[in-house]
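The residues making up each chain are set out below.
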Amino acid sequence: MTRKVLMKGNEAIAEAALRAGCRHFFGYPITPQTELAAYMARKMPKLGGTYLQAESEIAAVNMLYGAAAAGVRAMTSSSSPGISLKTEGISYMAGADLPGVIVNVQRGGPGLGSIQPSQSDYFQATRAMGHGDFYLPVFAPSTVQEMADLTFTAFNVADEYRTPVVILADGMLGQMMEPVIMPEAIDPATLPPKPWATRGHEGARAHNIINSLHLDAQKLYEDNVRRFATYEQIKRDEVRVETYRTEDADIVICAFGAAARIARSAVNAARERGIKAGLLRPITLWPYPADAVKALHAKALVVVELNMGQMIEDVRLAADGAFPISFFGRCGGIIPTPDEVLDEIVRIHEAMEDEEGR
Amino acid sequence: MKRGDEVAMTQSTEKAVFTRPHALLPVVTNYCPGCTHGIVERLVAEVIDELGVEGKTVGISPVGCSVTSYDFFGCDMIEASHGRAPAVATGVKRSLPDRIVFAYQGDGDLASIGMAETVHAATRGENITIIFINNAIYGMTGGQMAPTSLPHQVTQTSPYGRDLETAGYPIRVCELLATLDGVAYLERVSVDTPKSVRTAKKAIRHAFKNQVDGVGYSLVEVVSTCPTNWKMTPEDAFAWMRENMLTYYPLGVYKDVQAEGFANAAEAARARAEGCPIACGEGVR
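These protein sequence lines map, in sequence, to chains A and B. Using our numbering, the final residue of the first sequence is 358, and nothing's skipped along the way. Using our numbering, the final residue of the second sequence is 643, and nothing's skipped along the way.
For the record, the hints were derived by calculation from the structure and aren't laboratory data. Here a beta-carbon is modelled for each residue, glycine too, at the ideal position from N, C-alpha and C. Mixed in with the good hints, there may be bad ones.
Claimed, not checked - Sample of chain B residues with no beta-carbon within 12 Å of chain A, all distances over it, derived:
1. Thr377
2. Arg378
3. Pro391
4. Ile397
5. Lys414
6. Ser419
7. Pro455
8. Tyr518
9. Thr524
10. Glu601
Unchecked claim - Which residues of chain A face chain B? A few of them, derived with a C-beta cut under 10 Å, are:
11. His24
12. Tyr65
13. Ala74
14. Gly89
15. Tyr92
16. Gly200
17. Gly203
As the list claims (entries may be wrong) - DEER-style ranges, computed between Cβ atoms:
18. Asp539/B - Asp187/A: 48 to 58 Å
19. Glu640/B - Pro45/A: 15 to 25 Å
20. Ile115/A - Ala617/B: 45 to 55 Å
21. Gln233/A - Asp539/B: 45 to 55 Å
22. Pro384/B - Asn224/A: 25 to 35 Å
23. Asp571/B - Gln218/A: 39 to 49 Å
24. Asp216/A - Gly410/B: 56 to 66 Å
25. Tyr527/B - Asp187/A: 47 to 57 Å
26. Ser56/A - Pro635/B: 25 to 35 Å
27. Asp133/A - Pro384/B: 27 to 37 Å
Whenever a hint applies, use it, and build me the whole structure from the sequences.
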């Protein structure tokens with residue numbers, strides 16, 4: 001079925017999860033991800049699946065932990081303050097090598113913050129989804145189509161590497177409607193078996209244990225080293241990035257998610273004025289597309305984010321001093337207009353011309 | 359009689375009267391001398407054996423002294439974070455409804471940090487089995503005040519005794535959960551005498567059988583001791599437990615929908631709500 005349908009971003013994530021074979025969803029109400037849970041509540045009973053409204057985000061993520069341990073495809077979703085509560089469980093999932101998908105439809109922070117769109121959980125998603133030494137793949141969709149596609153992909157990546165995976169969206173993407181072609185549905189019964197899962201040994205094998213505790217320091221060390229070897233594999237094989245008009249660009253904007261949509265319009269407007277602008281859009285925030293940044297031939301980079309400057313640290317790390325890097329951001333739920341971003345491009349362009357003319 | 363005959367005679371009269379349950383693996387536990395975890399875990403394993411469900415059982419061991427019981431039980435096991443075992447159990451049971459899912463929790467885990475998960479798994483009527491060890495102290499971290507520590511009980515973090523004015527009152531878990539419609543069975547037992555061990559075994563068996571039969575949420579509270587952190591001999595600990603714990607936490611059945619003549623928790627809830635059509639299952643209009 002390749003019919004285009006008009007869908008809200010939050011609902012597209014939910015529908016794509018169902019098509020990826022997810023039949024267990026554990027939620028807790030929070031704005032602006034509510035439509036996702038509501039969609040699951042409507043659809044799951046009809047598919048013989050589980051929609052369960054947990055008593056808290058903490059309980060929801062631990063239900064996800066249990067369902068993942070039982071070997072089924074499962075998901076939870078929330079928005080920024082709720083994700084903070086889930087980080088304990090996500091750390092346990094990482095430590096126990098459990099696959100699962102966690103959706104963050106971001107809103108402004110810190111604290112209760114706002115209910116408007118934001119990208120202020122970049123640090124949390126890429127650096128600190130809980131205590132301990134671990135990373136997890138973070139997908140940053142920029143369109144409703146990508147919300148569907150990356151959710152579908154997230155389940156495959158989670159299962160392949162036995163890791164929790166985060167979809168880092170925001171309130172703008174979650175609430176907006178766009179035409180989308182849904183991925184072909186998978187029958188969960190046809191998914192590969194998970195021999196490590198705790199489903200009851202049926203007398204046919206030794207007992208399986210799902211666990212993140214190692215009282216022996218050497219064992220915990222070895223467990224982390226093994227997991228980091230998997231991370232190297234993920235860094236090799238799962239990096240996703242889009243480059244747009246960067247081949248001859250003097251000024252390249254680095255932006256992800258909703259900010260990248262605005263940046264793209266600004267790039268086009270700059271090109272119309274004869275300014276060679278381009279866009280580098282990370283689709284995976286971890287692993288970060290550092291090689292794509294290094295490969296740029298730009299004279300200047302501008303990082304555009306809906307926060308006070310978080311991803312810019314990864315851009316700086318990747319660029320390693322190769323380009324001058326500046327930041328343009330708005331936070332608190334304020335979305336910059338393409339014209340504002342264009343003004344920034346023009347300002348940098350003029351500064352570059354002055355420099356060259358001198 | 360020659361030596362060989364003696365051996366032959368011994369062999370012919372050998373009969374195993376006490377063996378390790380199959381569901382309990384032949385490994386050394388990490389429990390302190392005199393601790394009752396060993397007794398209770400053995401009872402759980404015996405029940406799993408008797409019901410013949412080891413191969414379809416998934417156990418959950420959250421943070422506490424018994425966290426490493428994932429190494430002791432022969433069934434599939436999941437270690438859970440502090441307090442979250444009922445949520446993890448819910449995730450497993452909703453994914454694998456035909457599996458037997460139990461959680462083995464201590465008092466700090468179940469009644470303090472995990473109280474929300476405990477109450478909500480119970481009120482949802484999850485068809486799971488909870489074994490609750492109440493020894494009125496945090497054992498693993500070295501003897502701090504627990505939600506079930508008794509008034510004036512001295513612990514590492516209540517060095518002058520639990521002060522009711524500042525630390526409030528101990529929680530009686532069975533009494534609290536008995537008010538919830540989702541609950542099928544609650545019993546408080548102890549394992550300080552051969553007789554009480556037999557009663558405890560019956561209760562644990564009932565709690566597992568309820569799950570097999572789909573009767574609903576079942577919890578057995580085992581009033582226990584912690585000789586190490588109570589700083590008593592095992593014998594004195596039992597005496598202290600009988601004198602103090604059992605006074606505050608009386609043994610007995612707190613809810614048993616089957617004994618009341620109902621097939622399951624839902625049927626009992628309907629009867630309990632008689633005269634209130636909304637609660638009876640007709641719902642809001």
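Outcome of the hint check:
1. With a least CB separation of 18 Å from chain A, Thr377/B remains clear of the 12 Å interface cut-off, as annotated.
2. For Arg378/B, the condition that its CB be more than 12 Å from all CB atoms of chain A holds, with the nearest at approximately 15 Å.
3. With a minimum CB-CB distance of about 19 Å to chain A, Pro391/B clears the 12 Å threshold, and the non-interface call stands.
4. Remark: the non-interface label on Ile397/B is consistent with the geometry, its nearest Cβ contact in chain A lying 21 Å away (cut-off 12 Å).
5. Under the 12 Å C-beta cut-off, the non-interface status given to Lys414/B relative to chain A is violated; the minimum distance is some 4 Å.
6. For Ser419/B, the requirement that its beta carbon stay farther than 12 Å from each beta carbon of chain A is not met, with the minimum near 9 Å.
7. Consistency note on Pro455/B: stated as away from chain A, yet its beta-carbon is not over 12 Å from all of that chain's, at 10 Å minimum.
8. With a least CB separation of 33 Å from chain A, Tyr518/B remains clear of the 12 Å interface cut-off, as annotated.
9. Remark: the non-interface label on Thr524/B is consistent with the geometry, its nearest Cβ contact in chain A lying 27 Å away (cut-off 12 Å).
10. Even its closest Cβ contact with chain A, about 35 Å, leaves Glu601/B beyond 12 Å, as expected for a residue assigned away from the interface.
11. A hinted interface residue such as His24/A counts as satisfied when its beta carbon comes closer than 10 Å to some beta carbon of chain B; here the least separation is about 6 Å, so the hint holds.
12. Nearest Cβ of chain B to the Cβ of Tyr65/A: about 6 Å, under the 10 Å cut. The hint holds.
13. About 7 Å separates the beta-carbon of Ala74/A from the nearest beta-carbon of chain B, less than 10 Å, and the hint is met.
14. For Gly89/A, the shortest C-beta to C-beta distance to chain B is roughly 7 Å, which falls under 10 Å, so the interface hint holds.
15. The restraint placing Tyr92/A at the interface with chain B holds, with a minimum CB-CB distance near 5 Å, inside the 10 Å limit.
16. For the restraint placing Gly200/A at the interface with chain B, the shortest Cβ-Cβ distance is roughly 4 Å, inside the 10 Å limit, so the hint holds.
17. Evaluation of the Gly203/A hint against chain B yields a held restraint, the C-beta minimum of about 4 Å falling below 10 Å.
18. Range check, Asp539/B to Asp187/A: about 37 Å between beta-carbon atoms, so the 48 to 58 Å window is missed.
19. The hinted window of 15 to 25 Å between Glu640/B and Pro45/A holds, with their beta carbons roughly 20 Å apart.
20. Here the CB-CB span from Ile115/A to Ala617/B is close to 50 Å, well matched to the stated 45 to 55 Å.
21. For the pair Gln233/A and Asp539/B, the supplied restraint of 45 to 55 Å holds, since their beta-carbon distance comes to about 50 Å.
22. Between Pro384/B and Asn224/A, the C-beta spacing of about 30 Å keeps the proposed range 25 to 35 Å intact.
23. In this structure the hint that Asp571/B and Gln218/A lie 39 to 49 Å apart at CB holds, the actual value being about 46 Å.
24. Asp216/A and Gly410/B have their C-beta atoms about 34 Å apart, which leaves the hinted 56 to 66 Å range violated.
25. In this structure the supplied range 47 to 57 Å holds for Tyr527/B paired with Asp187/A, their Cβ-Cβ distance being about 53 Å.
26. Hint check: Ser56/A to Pro635/B, Cβ distance near 31 Å, so the stated range 25 to 35 Å holds.
27. For the hinted restraint 27 to 37 Å between Asp133/A and Pro384/B, the CB-CB distance of approximately 34 Å keeps it satisfied.
Of the numbered hints stated above, those contradicted by the structure are hints 5, 6, 7, 18 and 24, listed in ascending order.
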